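Asks: Hey, can you work out the whole structure from these sequences and the hints?
Protein chains in written order, with the numbering used here: chain S, 1 to 623; chain R, 1 to 342.
Please note: incorrect hints may appear among the correct ones.
[Said to hold, decoys possible] No more than 30 Å apart at the CA atoms, straight line, and that leaves these computed lysine-lysine pairs for DSSO-like:
hint	chain 1	residue 1	chain 2	residue 2
1	R	Lys340	S	Lys200
2	S	Lys123	S	Lys109
3	R	Lys319	S	Lys203
4	S	Lys199	R	Lys331
5	S	Lys289	R	Lys139
6	R	Lys51	R	Lys17
7	S	Lys199	R	Lys319
8	R	Lys51	S	Lys265
9	S	Lys200	R	Lys319
10	S	Lys199	R	Lys340
11	S	Lys265	R	Lys331
12	S	Lys198	R	Lys331
13	S	Lys199	S	Lys168
14	S	Lys203	R	Lys331
15	S	Lys168	S	Lys123
16	S	Lys123	S	Lys16
17	S	Lys200	R	Lys331
18	S	Lys265	R	Lys319
19	S	Lys216	S	Lys13
20	R	Lys331	S	Lys289
21	S	Lys289	R	Lys319
22	S	Lys198	R	Lys340
23	R	Lys228	R	Lys42
24	R	Lys340	S	Lys216
25	S	Lys16	R	Lys51
Quick caveat, the hints were computed from the structure, so don't treat them as lab data.
Fair warning: this is a prediction, and the values are worked out from it, not measured in the lab.
Single-letter residue listing:
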Amino acid sequence: MSETATPATGNRKSLKELDRAVIRFAGDSGDGMQLTGEQFTTESAWAGNDLATLPNFPAEIRAPAGTLFGVSSFQLQFGSHRVYTPGDRLDCLVAMNPAALKVHLRDLKTGGLLIVNTQAFEKRNLDRAGYATNPLDDPALAERYRLHKVDMTGLTLEAVKDLPLDTKEKDRTKNFFALGLVSWIYTRPLEPTLEWMKKKFTKNPSIAEANTRVLKAGHAYGETAEIFGEHYAVEAAEMPPGLYRAMTGNRALAWGLLAAAQRSKVPLVYGAYPITPASEILHELALHKRFRVRTIQAEDEIAAVSAAIGAAFGGAIGVTGSSGPGIALKGEAIGLAVTAELPLVIFDIQRGGPSTGLPTKTEQADLMQALYGRNSESPVVVLAPATPGDCFYVAYEAVRIAAKYMVPVMVLSDGFLANGSEPWLIPEPETLPPIEVQFRTSSEGFFPYLRDPATLARPWVRPGTPGLEHRIGGIEKQDVTGNISYDPENHDHMVRTRAEKVRRVAQEIPPTTINGPATGDLLVVGWGGTYGAITAAVERAQTEGKSVASVHLRHLNPLPPDLGHILREYRRVLVPEINSGQLVRVLRAEYLVDAVGFNRVRGLPLASEEISEAVNQLVGSPA
Amino acid sequence: MSPSAPEAKEAPKYTKKDFESDQDVRWCPGCGDYAILAAVQKTMPDLGVPKENIVFISGIGCSSRFPYYMNTYGFHTIHGRAPAIATGLRLARPDLKVFVVTGDGDGLSIGGNHMLHVLRRNVNLTILLFNNRIYGLTKGQYSPTSEFGKITKSTPTGSADRPVNPLAFALGCGATFVARTVDRNIQHMEEMLRRAAHHRGAAFIEILQNCNVYNDLAWNVIYDKESKLQYELRLEPGKPLLFGPPDDRRAVIMDGVVPKVVRAREVPESALWIHDEKNVNAAKLLADLFAPDFPVPIGVLAAVDAPVYEEVMLEQEQKAISDRGPGDIAKLLTSGDTWKIS
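Replies: Here is the structure:
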């Protein structure tokens, strides 16, 4: 963080300019930290900053109050330059209770701003958080951090004392005190939050009034209380011009499907079973029936994918979405789509595993499952979005490829992309590539497995087309005729043909973008949600004059045709992943390149600082 | 596209032959499936549906080879999942007439969950469940409908599972049409197929079917001429539950809430149980009747009206479109909170 002190005019407190800041709101799951963070995000977007967010919440719906595992937090980084990640170390931590302090303090920079709600630091909460004594009484805390002890609860109750609400309702508004205070500290505009409150609570004017008062009280407290000596401004970032909106990964996946349904003029059927962190896609799609998108909340994961396959057989776009455990259940049915050669799109919003694992935490450990997690030779196309907004384009591309090649396409998102948001430059839909769905109608020379010479796709036939009645299924079939065949040579031919069809999707992959020099000491190769952390680390290394470049793969099967060549242009190759080394294994096997992994599997995004360390080690090491 | 209108297109005059595919039928000689196939092919012309609008979906097992032999659209899928695949197909294509062909293992064991949900949703499908009380394709293990204590390769000392009753299961799931027929009664089978195919919603037919290789004469109680005369109870709407030889007719009557068999001539006409397809509670009692203590009911146990899943879904879609116009992604992308950077 670079700081340039500039005396502010018209304000008795000094205003410092920062080029970026990392803030985390942490409290009990009932404290409204997600909402606080989202509103702070909106305020920052209004201020013109680039930003990235990291919501982090427990899997339990109502975790017991005050406990360590019940802590919920929302982190964001905003800046006047390109912001790639939610940030590693915190400039400011807001801790609403002792448990939040205990869980999150380790991430606060020395000298960082620490704001605590003092009233929550009472015996019961201290006990629950495992503090023998009140940590706020320890002088070391104030020595190490810029500690601000604020009685947020008390000030909140005072601000709303005359409103006709019960104590619990009044107490529940205290997150807006925190928001108001931090908004003052970072000179965020309150307008978007005030407007939101007006809209949200039209039916309950007392709550609207309480929230408004408390937000303003928090803001005024920062301005008038003697304890805050300064506050900060972060200038608007230079971003490509255009119309922006905040976009989360799950919404972007859903909207990408809507765009595909509209462009292809084909109805879309989305089959899903509720699962964290994928359910929002189902919720979002269910809102948009006008796009002829039909959602089925199926009885289980297998039924969800089966319904999508049935829809695809009927000539609709079949899509299913889940997380790792659900994808495991869908494996056999995905194999059916592989051999029936039907278009199918599968979203896997990866989370920590194995088994139930860490439902609300992120991970990238389903790559091998996507590539190989089915019986026998069962190749599918695998794509991975790099950012929340990129999910829109990847969902659209998945439909386009599935329909063009008559093949299942798996999209690997993750919990971080799903819930994280970024300012997203809204595209013009007509600039998206066309999705040309051609249903075969001519019976002349028709066979169900007659192939397009360029794509090897078999014809897509809508039942209801006279003269093209035919049967397909999961049993091996003779190429061209589609008749059941147990012939050994035919099976070998079909195994190769299904693989070749997936390989030919490489025709669709644009030349790989290299972030940095085309040749050099180190190439960092990433995929999926680690894009921001890798890019930030690589750009830092480049600023330091190191010969480092990065490549981020959106196509994982097939891999970009130019990747093998690119890998050989660097002395070393580093592959950071939130798994124990999956892409690195693929690259080593595919290209015989001595790539090394950087792997942390904590249910959290990789920090760009730790990637920087790995980069520095490799740049300095002999090949 | 209007929801659920398979009869929209005028169908040509078909014969049975139009529905025979060019594939060699690969069931064992003597299998009951041949008779079912013939009956289905024979009733198809009566549906009045163009054959390109007919789809057969199946799972895995002997019965599930069925689609290959029908000259319609067909999809031989994976074990147990045909109801789910058919649900997706109906939602995408409500203009198609869709059949699901399954067996006791496919439909009630591995696919039991899907069967439950397709029935409760009342998806407009005709479901043919071939019940031979054995796993045939995997060479003779006991099935979920095998009798308790069944000795098979996997249960050399007798099975410990109590069997499931397909009719009771279907009714318990909220099925809106439930019938039973027999592979050796071609005429009745055709009648039931026609009734089921015209039902609006999920129509479930249990077809008692013979596996002459692994479970021969499992249904002999209604195959054997003498036994059939004693036990077959033909269900006909508005008619009393009477069965047995002409000179010794029996009646099923209600004794409180318990079904009871009596000599027909020994009870007054007013005491007879008159079959009513609309009475699902009565159907649930009928479903549990079986030889030797009771007759074996054959026919339509229940046929009632209920909302059809995909019709409701598509009505919601139509309403959304007529209220607010078709979706427009450009408008959606710029809706809500946006900001301009210049």
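Asks: The structure should be examined with respect to each hint, and the outcome stated for every one.
Replies: Structure-based check of all given hints:
1. R/Lys340 <-> S/Lys200: holds, 24 Å
2. S/Lys123 <-> S/Lys109: holds, 27 Å
3. R/Lys319 <-> S/Lys203: holds, 27 Å
4. S/Lys199 <-> R/Lys331: holds, 21 Å
5. S/Lys289 <-> R/Lys139: violated, 47 Å
6. R/Lys51 <-> R/Lys17: Holds, at about 12 Å.
7. S/Lys199 <-> R/Lys319: Given pair S/Lys199, R/Lys319 holds - Cα atoms ~27 Å apart, limit 30 Å.
8. R/Lys51 <-> S/Lys265: Since the Cα atoms of R/Lys51 and S/Lys265 sit roughly 26 Å apart, the hinted pair holds (cutoff 30 Å).
9. S/Lys200 <-> R/Lys319: holds, 27 Å
10. S/Lys199 <-> R/Lys340: Holds. S/Lys199 to R/Lys340 sits at ~22 Å (cutoff 30 Å).
11. S/Lys265 <-> R/Lys331: holds, 17 Å
12. S/Lys198 <-> R/Lys331: holds, 24 Å
13. S/Lys199 <-> S/Lys168: This hinted pair holds, its Cα atoms lying about 22 Å apart.
14. S/Lys203 <-> R/Lys331: holds, 28 Å
15. S/Lys168 <-> S/Lys123: Roughly 20 Å between the alpha carbons, so the hint for S/Lys168 and S/Lys123 holds.
16. S/Lys123 <-> S/Lys16: violated, 38 Å
17. S/Lys200 <-> R/Lys331: The hint holds at about 22 Å.
18. S/Lys265 <-> R/Lys319: holds, 19 Å
19. S/Lys216 <-> S/Lys13: holds, 18 Å
20. R/Lys331 <-> S/Lys289: holds, 15 Å
21. S/Lys289 <-> R/Lys319: holds, 9 Å
22. S/Lys198 <-> R/Lys340: Holds, because 23 Å separates the two Cα atoms, which is no more than 30 Å.
23. R/Lys228 <-> R/Lys42: Since the Cα atoms of R/Lys228 and R/Lys42 sit roughly 25 Å apart, the hinted pair holds (cutoff 30 Å).
24. R/Lys340 <-> S/Lys216: Roughly 27 Å between the alpha carbons, so the hint for R/Lys340 and S/Lys216 holds.
25. S/Lys16 <-> R/Lys51: Cα-Cα ~77 Å, so violated.
Consistency note: the structure conflicts with the earlier hints numbered 5, 16, 25.
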